[in-house]
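Colleague: The residues making up each chain are set out below.
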Amino acid sequence: MRRPRTAGTRGAIRTGYLFSLPGILFLALFLAYPLLYNAWTSVHDVGLVSLLGGSAPFDGLANYRATVDDPAFWHAVRVSLVFTAGSLVFQFTIGFALALLFARPFPLNGLLRSLLLMAWLLPPVVSGTLFKWMLDGDSGAYNALLRSTGLGALAHDWLSDPGTALGGVIFANIWVGVPFNMLLLLVGLQGIDRELHEAAAIDGASAWQRFRLITLPLMRPVSVTVLLLGLIYTFKVFDLVFVMTGGGPVDATDVLSLYVYQVFFAYFRFGQGAAAGLLLLAVPLLAAGLYVRRLRREERAGA
Amino acid sequence: MSQTVGRRAFLRAAGAAGAGAAAVGLGGALASCGSGQKGTVTLTWWDYFTAPHFQAGSNALIADIESAIPGVKIRRRAFPFADLNTALTLGAVSGDLPDIAIIDNVAMNSFGNSGLLADLTDRVKAWGQASEYYHGPWAGCQIGGKTLGIPNNSNCLALYYNTDLLRAAGVKPPATWDELADTAQRLTSGDRFGLAISAIRTEEGTFQFLPFLWQAGGDLNTFSTYGATALSFLGDLVEKGSLSRSCVGWTQQDANARFITGRAAMQINGPWQVPTLKKADLEWNVVPLPSDKTSATCLGGENWVLMAGGKHQDAAWEVVKYSQKPSALVPYLEAFGDLPARSDVAHSGTWASDPALELFISQLPIARGRLYGAHYTDASTAVVEAEQAVLTGSSTPGAAAAAAATKINRALGRQ
Numbered sequence: 001m002r003r004p005r006t007a008g009t010r011g012a013i014r015t016g017y018l019f020s021l022p023g024i025l026f027l028a029l030f031l032a033y034p035l036l037y038n039a040w041t042s043v044h045d046v047g048l049v050s051l052l053g054g055s056a057p058f059d060g061l062a063n064y065r066a067t068v069d070d071p072a073f074w075h076a077v078r079v080s081l082v083f084t085a086g087s088l089v090f091q092f093t094i095g096f097a098l099a100l101l102f103a104r105p106f107p108l109n110g111l112l113r114s115l116l117l118m119a120w121l122l123p124p125v126v127s128g129t130l131f132k133w134m135l136d137g138d139s140g141a142y143n144a145l146l147r148s149t150g151l152g153a154l155a156h157d158w159l160s161d162p163g164t165a166l167g168g169v170i171f172a173n174i175w176v177g178v179p180f181n182m183l184l185l186l187v188g189l190q191g192i193d194r195e196l197h198e199a200a201a202i203d204g205a206s207a208w209q210r211f212r213l214i215t216l217p218l219m220r221p222v223s224v225t226v227l228l229l230g231l232i233y234t235f236k237v238f239d240l241v242f243v244m245t246g247g248g249p250v251d252a253t254d255v256l257s258l259y260v261y262q263v264f265f266a267y268f269r270f271g272q273g274a275a276a277g278l279l280l281l282a283v284p285l286l287a288a289g290l291y292v293r294r295l296r297r298e299e300r301a302g303a
Numbered sequence: 304m305s306q307t308v309g310r311r312a313f314l315r316a317a318g319a320a321g322a323g324a325a326a327v328g329l330g331g332a333l334a335s336c337g338s339g340q341k342g343t344v345t346l347t348w349w350d351y352f353t354a355p356h357f358q359a360g361s362n363a364l365i366a367d368i369e370s371a372i373p374g375v376k377i378r379r380r381a382f383p384f385a386d387l388n389t390a391l392t393l394g395a396v397s398g399d400l401p402d403i404a405i406i407d408n409v410a411m412n413s414f415g416n417s418g419l420l421a422d423l424t425d426r427v428k429a430w431g432q433a434s435e436y437y438h439g440p441w442a443g444c445q446i447g448g449k450t451l452g453i454p455n456n457s458n459c460l461a462l463y464y465n466t467d468l469l470r471a472a473g474v475k476p477p478a479t480w481d482e483l484a485d486t487a488q489r490l491t492s493g494d495r496f497g498l499a500i501s502a503i504r505t506e507e508g509t510f511q512f513l514p515f516l517w518q519a520g521g522d523l524n525t526f527s528t529y530g531a532t533a534l535s536f537l538g539d540l541v542e543k544g545s546l547s548r549s550c551v552g553w554t555q556q557d558a559n560a561r562f563i564t565g566r567a568a569m570q571i572n573g574p575w576q577v578p579t580l581k582k583a584d585l586e587w588n589v590v591p592l593p594s595d596k597t598s599a600t601c602l603g604g605e606n607w608v609l610m611a612g613g614k615h616q617d618a619a620w621e622v623v624k625y626s627q628k629p630s631a632l633v634p635y636l637e638a639f640g641d642l643p644a645r646s647d648v649a650h651s652g653t654w655a656s657d658p659a660l661e662l663f664i665s666q667l668p669i670a671r672g673r674l675y676g677a678h679y680t681d682a683s684t685a686v687v688e689a690e691q692a693v694l695t696g697s698s699t700p701g702a703a704a705a706a707a708a709t710k711i712n713r714a715l716g717r718q
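Sequence order for the protein chains is A and B.
With the working numbering applied, the first sequence covers 1 to 303.
With the working numbering applied, the second sequence covers 304 to 718.
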């Protein structure tokens, strides 16, 4: 049975709406409106001329067709997938290993941990520029290191070779992303009840068994969250790649976000750019949906 | 048939559905500022001259204009190079556009066909100074039979060489492709490359590559043949080690840095490097780009443009006209280290006394513009991707040129 609403509860509901009004307005103005506008653009033939008051005829799915017919788009999808997968695998494993390390008390633990966070706090333009210099073929720090340690044969033009440029960019992105992974995983590790480990140790479980049978299963929810967030962040990375290679050499590091940027601001094909942008949005949106569902389930389980 | 929906009508409807009140409030607030006091017009002026040494020259010109033209005040805003075109594009959407802008001459391709720029044809006719400008820069402002801009300054590419290194090797500066390849190879030793160019995947890379295409006797519409010739010439330089493969990541600034530090014995670059090179600790000189079938160099520079929707076009035109008076133009361009686009001032001031600048001026008559129409950027990307594919060894010159030619023809055919 529904409870009859009294004047008091009606007032409370009104106050509630009033409180959320600024948020709703903000979202409508800065999220819903641009998204709707983008969706509108994606089904119209919008170029520079139509922006200046000319007409933008409705052209249905032509922009989407032009996008999926463009080999450069599928190339960018592939590059983005490799970039994301490569980044996530290493960010997560290295982050996990570091979290295990920092979960133990040792001298200077706090200091080292905050220093490590620097990588995540630096603006991507700065870290991108640093890696561009360090990976330079002629005067880069990595080649200097290789030469000075007798490994000069391995010295390479990392970012100028289409075969290694994507690897170089992923390498930089791993460095950027490790601290974020470490931090969240560390919080997860600290949430595991110490007594579980102690009890298992008394029962004769080895360190490896304890890790495999206690730590890993208990870390699953946190890990999935970290990977989903990582996927969302990594799939839309733009600045780091833009600074390091600009998508080149040739098109070796042309990730989707760069492709969309080019269609928009170099070719001025706004309709097609909007269509490609919406397609680009699909993957992070899917990940975000999964993440939110997960969050709800956890909340329910926790309640 | 396709159904036409006014974009603004849609925006208004969508805006109203979401947050009409807020949007209208914001728009009203933005629209209400900008009108100055009675009797004076405040003109907004956009350019991309952000570097510190450009500010004194810009401020001096603006002060000069403000004192010479009564009732005109100027509010200048400088954007980073890559942001100006984006700002103009976004301004076209939001209506927030300047009265005057100084834009890259290659941007005339995209903006010239868009209706963004004011038609100056009648004003220029009344002004009567068209014949003072060099052919290339002037032609770059004529689109669809209309005059859409006034050249501000011009530049082009030439070959810089390190005098000491060439003397030590006993070679003369090269004048042909064969000599360039030969000299570059002889000057290569240790961690020094014979030649430095910029082959980065931006317009800078295309700017540096096009002269090779033209010198080979071709143009964008014959890329599969002559593009292959130019690509294989540059590919050979990399193959022989006289040109660093890293140049696919270098801007022209990076090439100049290699040249200054002696890591490149020669470089292809523009006159804007002259002030930096004069301060550097090396002996250098500059000669025309080596020729193959013909001589050619690429024309760069900026144009003054007015916005078609501007409310103060008469005042803005007065400002542009004033800026072109020798008494205002010469000190302005000298402060920038730029070359004039007008022949009547080209033989005065620094340009007559500095041999390096004189050399660049002597090349302006053979400098070619990049006026290829609204979809030039697609073609430009195809060109520089082909160059990168060859220089990095991931494609042969023939295959890269053929692949690029398909894209170029599609881009240039889509007018």
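Worth double-checking, as some hints may not be accurate.
Unchecked claim - With a Cα cut of at most 20 Å, we get these calculated EDC-like pairs of lysine to aspartate or glutamate:
| id | chain 1 | residue 1 | chain 2 | residue 2 |
| --- | --- | --- | --- | --- |
| 1 | B | K614 | B | D407 |
| 2 | B | K596 | B | E507 |
| 3 | A | K236 | A | E195 |
| 4 | B | K628 | B | E507 |
| 5 | B | K376 | B | D407 |
| 6 | B | K376 | B | D617 |
| 7 | B | K710 | A | D138 |
| 8 | B | K710 | A | D70 |
| 9 | B | K543 | A | D251 |
| 10 | A | K132 | B | E621 |
| 11 | B | K582 | B | D657 |
| 12 | A | K132 | B | E507 |
| 13 | B | K475 | B | D485 |
| 14 | A | K132 | A | E299 |
| 15 | B | K596 | B | D481 |
| 16 | B | K543 | B | D485 |
| 17 | B | K582 | B | E661 |
| 18 | B | K428 | B | E661 |
| 19 | B | K543 | A | D161 |
| 20 | B | K596 | B | E482 |
| 21 | B | K710 | A | D251 |
These are computed hints drawn from the structure, not numbers from a lab.
None of the values given here were measured: they were computed from a predicted structure.
Colleague: Give a verdict on every hint.
Modeller: Consistency of the hints with the structure:
no. : hint            : in the structure
1   : B/K614 - B/D407 : violated (23 Å)
2   : B/K596 - B/E507 : violated (24 Å)
3   : A/K236 - A/E195 : violated (41 Å)
4   : B/K628 - B/E507 : violated (30 Å)
5   : B/K376 - B/D407 : violated (24 Å)
6   : B/K376 - B/D617 : holds (14 Å)
7   : B/K710 - A/D138 : violated (33 Å)
8   : B/K710 - A/D70  : holds (11 Å)
9   : B/K543 - A/D251 : violated (24 Å)
10  : A/K132 - B/E621 : violated (46 Å)
11  : B/K582 - B/D657 : holds (15 Å)
12  : A/K132 - B/E507 : holds (18 Å)
13  : B/K475 - B/D485 : holds (11 Å)
14  : A/K132 - A/E299 : violated (43 Å)
15  : B/K596 - B/D481 : holds (12 Å)
16  : B/K543 - B/D485 : holds (10 Å)
17  : B/K582 - B/E661 : holds (19 Å)
18  : B/K428 - B/E661 : violated (30 Å)
19  : B/K543 - A/D161 : holds (17 Å)
20  : B/K596 - B/E482 : holds (14 Å)
21  : B/K710 - A/D251 : holds (14 Å)
Going through the hint list in order, the structure does not satisfy hints 1, 2, 3, 4, 5, 7, 9, 10, 14, 18.
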